[in-house]
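Keeping their order, the protein sequence lines are chains U and Z. With the first letter of the first sequence counted as 1, position 158 gets the number 157 in numbering that gives the first Met the number 0; the numbers rise by one all the way through. With the first letter of the second sequence counted as 1, position 123 gets the number 122 in numbering that gives the first Met the number 0; the numbers rise by one all the way through.
These are computed hints drawn from the structure, not numbers from a lab. Worth double-checking, as some hints may not be accurate.
Said to hold, decoys possible - Simulated pairs of lysine to any residue, SDA-like, Cα-Cα distance not exceeding 25 Å:
(1) Z/88 with U/69
(2) Z/21 with Z/10
(3) U/132 with U/77
(4) Z/21 with Z/84
(5) U/132 with Z/21
(6) Z/106 with Z/85
(7) Z/88 with U/109
(8) Z/106 with U/248
(9) Z/106 with U/258
(10) Z/88 with U/48
(11) U/301 with U/271
(12) Z/88 with U/387
As the list claims (entries may be wrong) - Derived DEER-like restraints, expressed as beta-carbon distance ranges:
(13) U/87 with Z/210: 53 to 59 Å
(14) Z/217 with U/87: 49 to 55 Å
(15) U/120 with Z/16: 42 to 48 Å
All C-beta atoms in this analysis are idealised placements derived from N, C-alpha and C, irrespective of residue type, glycine included.
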Amino acid sequence: MSKTAANSACFLAAGIVSALGTGVAANLTALQRAPMPPQLLSRTLGNTQESVPYQLLADVPLTNIDTRLTRSLDLALQQALGGTNLNAREQREMALFIGSSSFDISVSEYRYQQAQQAHSAAIPLDGSPSFGKLADTLRQRYGLFGPEFSFNTACTSSANALWYASRLLASGAIRHALVIGVELINDITALGFHGLGLLTPSVMRPFDAARNGLVLGEAVSALVLGAGAETDYRLWGGANLCDTHSMSAANADGSTVATVIRQALHEARIAPADISSIKVHGTASLLNDEAEAAGLLQVFPKLPPVCALKPFLGHTLGACGLAELILLWQSLSASTPFLPATPGIASDVGELGLRLTQTAITPAAGACLLNYFGFGGNNTALVIGRGKPQSGAA
Amino acid sequence: MKILAHGHYSAAVHDDALPPLKDLVKATTGDAVRRVGRFIQLALIGAGRCLQQQTTPAETAVYLTSGRGDLETTLAVLTQMVEHGLPPKPLTFINTVSNSACFYVAKQFALHGRSQFVTRRYAPLESALQLAALDLQTDAVRTALVGSVDICTAPLSDHRQRLGVAADTRVGEGSHWFLLAQNHATGTALAQIDHIASFIDRNALTHWLQQHSTTTATRALACGQHVDDNTAHWLQNQIAHQHLFTGDNSAWYDSHSGHTLGVFLEQKPTQSLLHVDCDPDGRFNVLQVSV
Chain U
0 MSKTAANSAC FLAAGIVSAL GTGVAANLTA LQRAPMPPQL LSRTLGNTQE
50 SVPYQLLADV PLTNIDTRLT RSLDLALQQA LGGTNLNARE QREMALFIGS
100 SSFDISVSEY RYQQAQQAHS AAIPLDGSPS FGKLADTLRQ RYGLFGPEFS
150 FNTACTSSAN ALWYASRLLA SGAIRHALVI GVELINDITA LGFHGLGLLT
200 PSVMRPFDAA RNGLVLGEAV SALVLGAGAE TDYRLWGGAN LCDTHSMSAA
250 NADGSTVATV IRQALHEARI APADISSIKV HGTASLLNDE AEAAGLLQVF
300 PKLPPVCALK PFLGHTLGAC GLAELILLWQ SLSASTPFLP ATPGIASDVG
350 ELGLRLTQTA ITPAAGACLL NYFGFGGNNT ALVIGRGKPQ SGAA
Chain Z
0 MKILAHGHYS AAVHDDALPP LKDLVKATTG DAVRRVGRFI QLALIGAGRC
50 LQQQTTPAET AVYLTSGRGD LETTLAVLTQ MVEHGLPPKP LTFINTVSNS
100 ACFYVAKQFA LHGRSQFVTR RYAPLESALQ LAALDLQTDA VRTALVGSVD
150 ICTAPLSDHR QRLGVAADTR VGEGSHWFLL AQNHATGTAL AQIDHIASFI
200 DRNALTHWLQ QHSTTTATRA LACGQHVDDN TAHWLQNQIA HQHLFTGDNS
250 AWYDSHSGHT LGVFLEQKPT QSLLHVDCDP DGRFNVLQVS V
């Protein structure tokens with residue numbers, strides 16, 4: 000296969016650690032089964048115990064918290080980097096993009112709790128807390144000397160990281176990029192969402208009439224981008240906009256969601272009719288699903304097959320951008336390509352006008368749209384496809 | 000890319016009684032923005048000072064950076080949970096996410112373009128400027144509002160420990176904002192950002208400096224706060240005819256390069272400024288501005 004400048008931002012290799020398992024193969028196998036209900040974790044808050052539903056990493060026990068982040072990242076990074084044939088110089092010059100809403104707070108929090116128990120005058124966050132520290136640590140651990148970028152835009156963090164990595168590659172400013180999405184359980188997140196009353200103890204049911212909230216999830220994923228073959232999958236385009244309607248929910252009329260989707264299609268140089276499948280954000284909250292459905296219906300008079308991945312993974316917050324993209328890309332690239340299905344969830348076109356895939360279907364050729372929305376009104380839409388963008392209608 | 004406007008707040012903090020910001024927010028924005036902490040307050044003050052005499056297009060993109068983000072809110076949530084056994088309050092929890100400040104800035108100044116919070120441990124502002132430059136150069140955006148915000152938390156002894164600086168280091172707070180436009184944009188510019196780049200080692204920087212040498216005494220060199228004396232000496236030897244620009248003796252905070260750039264834009268002692276900072280691994284970040 001020829002490698003050209005136009006193919007500079009292909010998806011080369013990925014690693015993933017999630018509630019579905021460790022590695023792409025394990026995750027794909029689990030994606031073809033029904034979503035599993037979350038664990039109910041007991042979190043101590045003062046003298047009380049709060050029960051928080053969580054989709055924890057399947058193969059990384061919730062022990063040795065101070066090293067758990069590094070161990071999880073190593074699993075994902077070794078899969079991704081091991082799947083490429085980069086030489087030492089290429090790896091040394093590679094740029095790093097990391098997206099997370101919590102970075103290493105799980106470790107800082109744990110150390111503070113330990114210090115507090117041993118010594119009541121302990122200082123919280125005394126380990127030089129910095130948003131860029133995790134990227135810097137990983138960069139040193141893996142011998143990466145290219146520029147690094149740490150994104151902290153709530154649930155769109157790693158989607159934005161991937162988008163900018165891809166665009167910097169296309170500009171020629173960098174030759175390879177390692178993109179990471181990471182989110183591990185921590186009390187600020189768990190108890191913060193618990194306090195917001197947004198959690199459900201059952202499997203998430205996005206767009207379903209019986210939807211009743213989200214389940215938090217853990218995920219660590221990594222993707223290497225660089226020059227590839229003509230037919231490799233890549234990011235065709237994306238868009239990000241700030242919706243100032245509300246700090247915590249998209250405008251329910253769907254207007255801002257529709258706008259960011261249209262801009263993503265514009266950057267990809269394709270028309271709505273060129274989208275053959277959609278991966279929704281789908282947080283299973285009343286307002287956000289309403290806004291997303293309304294936005295999709297404004298752009299797509301006839302919706303292509305729509306799938307949701309959060310029933311499987313939980314809402315992995317800043318990590319969902321990359322983790323869900325990797326799973327979708329790998330599902331579509333499987334020997335028998337399939338769009339993951341969530342039987343029994345949003346099985347009818349209800350009041351939101353949207354039905355999720357009920358059986359694992361093979362979508363028609365074309366591009367796939369992926370939606371991500373986050374606190375602070377941060378809305379991102381990405382379009383991926385195989386080979387160069389091809390539009391039959393744009 | 001052109002710098003159309005800049006606005007900033009910078010102050011050394013001398014004791015644990017942090018200066019109140021509420022009145023400054025109201026004076027700058029005209030509104031009493033409620034239920035926000037120092038991080039968002041400083042973002043609004045800096046952005047407000049930058050945009051106060053500008054007609055800013057609604058589609059202007061916002062890029063915010065910080066070394067530590069909203070430490071005040073994160074510490075409040077953490078100590079409330081661990082020491083007092085209380086859950087995070089909903090709005091406080093939401094404000095732990097850095098792009099909450101982007102939301103407040105966008106809402107206050109009626110902006111609805113793209114919005115990013117991005118950082119780099121030893122070069123926060125440079126990371127945001129690199130994304131803005133990419134978006135401007137590729138015509139993805141026409142105007143970009145780039146800001147860096149870093150706050151202090153009390154007690155300062157704990158804050159210094161978190162920053163990893165010596166106990167006698169003068170620490171401070173800063174909010175530095177720059178309204179940028181494409182090179183071909185119409186309108187008067189304060190200055191132009193000629194280069195914003197990262198280098199993996201001294202050899203790569205040396206090569207770049209040789210390609211971008213100047214034979215006149217019109218370029219000043221500013222060394223970032225991570226540049227030690229040996230590296231500063233090496234840099235001065237690499238660049239002929241340069242003035243050394245120190246801005247003023249501002250206090251230490253992560254995104255200090257914003258302060259240096261802001262002072263340069265106000266004083267304009269030379270035609271251009273080359274700001275160089277490095278990290279412990281010997282990588283460099285370079286920012287060159289001309290007026």
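Evaluation of the provided hints:
For the hint pairing residue 88 of chain Z with residue 69 of chain U, the CA-to-CA distance comes to about 30 Å; that exceeds 25 Å, so the pair is violated. A distance of roughly 15 Å separates the Cα atoms of residue 21 of chain Z and residue 10 of chain Z; the hinted pair therefore holds under the 25 Å criterion. Distance hint between residue 132 of chain U and residue 77 of chain U is fulfilled; the C-alpha atoms sit about 20 Å from each other, no more than 25 Å. About 29 Å separates the Cα atoms of residue 21 of chain Z and residue 84 of chain Z, which puts this hinted pair outside 25 Å; it is violated.
A C-alpha spacing of about 31 Å is found between residue 132 of chain U and residue 21 of chain Z, which places the hinted pair above 25 Å, so the restraint is violated. Restraint check for residue 106 of chain Z and residue 85 of chain Z: not satisfied, since their Cα atoms lie roughly 30 Å apart, outside the 25 Å limit. The straight-line distance between the Cα atoms of residue 88 of chain Z and residue 109 of chain U is roughly 20 Å, inside the 25 Å bound, and the hint therefore holds. Restraint check for residue 106 of chain Z and residue 248 of chain U: the C-alpha separation of about 14 Å stays at or below 25 Å, so the hint holds.
Distance check on the hinted pair: residue 106 of chain Z and residue 258 of chain U sit about 17 Å apart at the alpha-carbon level, within 25 Å; holds. At most 25 Å may separate the alpha-carbon atoms for a hinted pair to count; residue 88 of chain Z and residue 48 of chain U meet this at roughly 17 Å. Of the pairs offered as hints, the one joining residue 301 of chain U and residue 271 of chain U holds, with about 9 Å between alpha carbons and a cut-off of 25 Å not exceeded. For a cut-off of 25 Å, the pair hint linking residue 88 of chain Z to residue 387 of chain U is broken: about 47 Å separates their Cα positions.
Look at residue 87 of chain U against residue 210 of chain Z: about 26 Å separates their beta carbons, and that is not inside 53 to 59 Å. Hint check: residue 217 of chain Z to residue 87 of chain U, Cβ distance near 41 Å, so the stated range 49 to 55 Å is violated. Our hint of 42 to 48 Å for residue 120 of chain U and residue 16 of chain Z is violated, since their Cβ atoms are close to 21 Å apart.
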